[in-house]
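Line by line, the protein sequences give chains A and B. Counting from 1, position 50 in the first sequence corresponds to residue 50 in the working numbering; the numbering is continuous, with no gaps. Counting from 1, position 97 in the second sequence corresponds to residue 217 in the working numbering; the numbering is continuous, with no gaps.
In short, the hints are calculated from the structure, not lab data. Any given hint could be a false lead.
To be verified - Looking from chain B toward chain A, a few residues come up when the C-beta cut is under 8 Å (computed):
(1) Arg162
(2) Phe166
(3) Tyr181
(4) Ile222
(5) Gly225
Here a beta-carbon is modelled for each residue, glycine too, at the ideal position from N, C-alpha and C.
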Amino acid sequence: EAGVTQSPTHLIKTRGQQATLRCSPISGHTSVYWYQQALGLGLQFLLWYDEGEERNRGNFPPRFSGRQFPNYSSELNVNALELEDSALYLCASRSRDRDNLPYSGANVLTFGAGSRLTVL
Amino acid sequence: AQSVAQPEDQVNVAEGNPLTVKCTYSVSGNPYLFWYVQYPNRGLQFLLKYITGDNLVKGSYGFEAEFNKSQTSFHLKKPSALVSDSALYFCASSRWGRDDKIIFGKGTRLHILP
């Protein structure tokens, strides 16, 4: 079974540009989470998608956005890049719970290897 | 507000000694608690979780964690550390509900000294 795949592995941009990161979840998983891992800050929750809808977002400005496609893959867009956006962006997927609800917190996240974004 | 704290940025343990990585949480209602591990240049891997029931949870690679409701803690433990346990460890919490954010701590870097 293929795991969570993310692309690109590395991305270098300059300030003001836009970055697009992509994530393919495990087959059968409907929820996709995005996290930012910046040095010293741990994992900061960015976005959660399920069945094509944005379910929740973290405390990030609107220039961080994304979407989920009908095949449950997802992309994260970061507009007007700033130097502090340099980080490892991790995507994770999760199945629904046994009652087929998206909001059970008990299910485990499966993470991809991440996309490292460097803003110069 | 939901939060997870890992008070130690780094923990050093000699190989063969017991190890503890600390985690405290603040979650309204009953929490779900998790430990994940991150090896260099890789995503996070699940170690163990507490949902309900027995306060002592056993997980992968010989790790275990104890849920302590009165102290709001969920410390990760292993009786005998291996050099290969050296990695970055994250504690996380969530809860059942529509706003189901899964919150992670800042991580603790574990160094096992040979």
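List of violated hint numbers, smallest to largest: 3
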